[in-house]
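Student: Let the hints inform the model, and build the full structure from the sequences given.
Under the working numbering, the sequence shown has 1520 at position 259, and the numbering climbs by one with no breaks.
Among the hints, a few may not be true.
Derived lysine-lysine pairs resembling DSBU-like cross-links, with alpha carbons at most 30 Å apart [stated by the list, open to error]:
1. Lys-1431 - Lys-1445
2. Lys-1316 - Lys-1468
3. Lys-1436 - Lys-1335
4. Lys-1450 - Lys-1327
5. Lys-1294 - Lys-1506
6. Lys-1335 - Lys-1445
7. Lys-1335 - Lys-1450
8. Lys-1445 - Lys-1463
9. Lys-1335 - Lys-1465
10. Lys-1321 - Lys-1294
11. Lys-1450 - Lys-1465
12. Lys-1450 - Lys-1468
13. Lys-1431 - Lys-1360
14. Lys-1335 - Lys-1321
15. Lys-1327 - Lys-1463
16. Lys-1463 - Lys-1450
17. Lys-1461 - Lys-1450
18. Lys-1461 - Lys-1445
19. Lys-1316 - Lys-1327
20. Lys-1316 - Lys-1506
21. Lys-1360 - Lys-1445
22. Lys-1335 - Lys-1468
23. Lys-1316 - Lys-1465
24. Lys-1450 - Lys-1431
25. Lys-1396 - Lys-1410
26. Lys-1410 - Lys-1360
These aren't lab readings, by the way, just hints derived from the structure by calculation. Quantities reported herein were computed from a predicted structural model and do not represent experimental measurements.
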Amino acid sequence: MSVEYDFDGTSGSFRVTNPEKRLADLLRVEQAKLNRLVISGASDTQIDELQRSIKNLMIKAQEMEKTLSARNEKIMELQRTNQQQQAINHERLESLTNKAQQEFEVLMQNAETMQQRIEELEQSFANQQSACKEKLQNQNEKHQTELVKAKQVYEYLMQTAEELQGDIRKLQQEKSSIEQDMLKVSQNKVLAEIKIETLKTKLKNQKAEHEQERVELLQYYRDAPEELQDPNKDELGDALSEAEKALERVKARDRPAVKTGRRGRPQTGSDSGSESKTQTRNELKYQSMSPLDVLDKYKAVPTLFNRPLRSPRTNPDLV
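Tutor: In structure tokens:
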């Protein structure tokens, strides 16, 4: 199962066109729900449930990514095995071709030897015909039989030689076909590697551009002078105030209540010690968070009041 990306030039994002698109859609839906709950001041229980759902979807996405990586490694291993097998087949083909060529040369030598023997027998028959006619008549049948056998062997050898030549031509054709297949495999491999590198470079560049735009947007709303700020600054201030309230609610939720005894004194023991450790961990967890960090974490800045914030690049006051 391969991963394919389609770049959307209008929104500056990638759309997943493979079966994993369902998982990405679910993740975006849950993220949008979380944004609406944070802005509307929903209960902590609902926020926790959505966060757990998003975490589970992210775990599934990581597992799916590992599965795809394992499949890609298996494909590469199969390609290496195929190349090794092709090299073995090529060596075997050359060995069989050389062996057939050697056998053909031996058969041709045998055919030439038999042809010489036939010529010698015919010459002997002509020389002895006048000298020993009676003896030749006695031996004629024997010589004729040997001649017939020699011709049969010669014809058999010639037929076998023709068949071997046909086999050699077939082997040469198969060799050419195998070489063409190997060339096609090599070309497809090179094209696939070029396409993969191109997609990696394109994705890396897009991620860098998105990160730069996000940094510039945050820097603009943090450091811009008051006379150059966007007309939406009041709305941004309200959003920051809401984010501060949401952060306080999260901190208050994670801060355990102090239990008191019968006389109003705090209880001591293992329970209070564990609660103190929990409170310390939660404080360390949230002490570095700012309202802008909360807005950036829950993706609330670009969608405040159902209208996008203006980018510094498109602000005519900054040109």
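Student: Indicate, hint by hint, whether the structure satisfies it.
Tutor: Against the structure, the hints come out as follows:
1. Simply put, Lys-1431 and Lys-1445 have alpha-carbon atoms about 21 Å apart, close enough for the 30 Å limit, and the pair holds.
2. The suggested pairing of Lys-1316 with Lys-1468 holds, with an alpha-carbon distance near 22 Å, which does not exceed 30 Å.
3. Taking the CA atoms of Lys-1436 and Lys-1335, the gap is near 28 Å; set against the 30 Å cutoff, the hint holds.
4. Pair hint Lys-1450 plus Lys-1327 holds up; C-alpha atoms about 23 Å apart against a cutoff of 30 Å.
5. A threshold of 30 Å between alpha carbons decides the hint, and for Lys-1294 with Lys-1506 the separation of about 19 Å falls inside it, so the pair holds.
6. Proposed proximity of Lys-1335 and Lys-1445 is supported: the alpha carbons are some 21 Å apart, at most 30 Å.
7. Distance check on the hinted pair: Lys-1335 and Lys-1450 sit about 15 Å apart at the alpha-carbon level, within 30 Å; holds.
8. For the suggested pair Lys-1445 and Lys-1463, the alpha carbons sit about 27 Å apart, so the restraint of at most 30 Å is met.
9. Annotation: proposed proximity of Lys-1335 to Lys-1465 holds, straight-line Cα distance about 25 Å (limit 30 Å).
10. For a cut-off of 30 Å, the pair hint linking Lys-1321 to Lys-1294 stands: about 19 Å separates their Cα positions.
11. Pair hint Lys-1450 plus Lys-1465 holds up; C-alpha atoms about 23 Å apart against a cutoff of 30 Å.
12. Our distance criterion of 30 Å between C-alpha atoms is met by Lys-1450 and Lys-1468, whose separation comes to about 27 Å.
13. Using a Cα cut-off of 30 Å, the hinted pair Lys-1431 and Lys-1360 holds, with the two alpha carbons roughly 15 Å apart.
14. Restraint check: the Cα-Cα separation between Lys-1335 and Lys-1321 comes to about 21 Å, which is no more than 30 Å; the hinted pair holds.
15. Pair hint Lys-1327 plus Lys-1463 holds up; C-alpha atoms about 22 Å apart against a cutoff of 30 Å.
16. Between Lys-1463 and Lys-1450 the CA atoms are separated by roughly 20 Å; this keeps the pair inside 30 Å, and the hint holds.
17. Simply put, Lys-1461 and Lys-1450 have alpha-carbon atoms about 17 Å apart, close enough for the 30 Å limit, and the pair holds.
18. The hinted pair formed by Lys-1461 and Lys-1445 meets the criterion: a straight-line CA distance of about 24 Å does not exceed 30 Å.
19. For a cut-off of 30 Å, the pair hint linking Lys-1316 to Lys-1327 stands: about 17 Å separates their Cα positions.
20. Of the supplied pair hints, the one linking Lys-1316 and Lys-1506 holds, its CA atoms being roughly 24 Å apart against a limit of 30 Å.
21. Simply put, Lys-1360 and Lys-1445 have alpha-carbon atoms about 29 Å apart, close enough for the 30 Å limit, and the pair holds.
22. Between the alpha carbons of Lys-1335 and Lys-1468 the distance comes to roughly 28 Å, so the proposed pair stays at or under 30 Å and holds.
23. Note on Lys-1316 and Lys-1465: the hinted pairing holds, with a Cα-Cα distance of about 25 Å set against a maximum of 30 Å.
24. For the hint pairing Lys-1450 with Lys-1431, the CA-to-CA distance comes to about 29 Å; that is within 30 Å, so the pair holds.
25. Of the supplied pair hints, the one linking Lys-1396 and Lys-1410 holds, its CA atoms being roughly 21 Å apart against a limit of 30 Å.
26. With a CA separation close to 28 Å, the supplied pair Lys-1410 and Lys-1360 stays within the 30 Å bound.
When the structure is compared with the earlier hints, no violation turns up for any of them.
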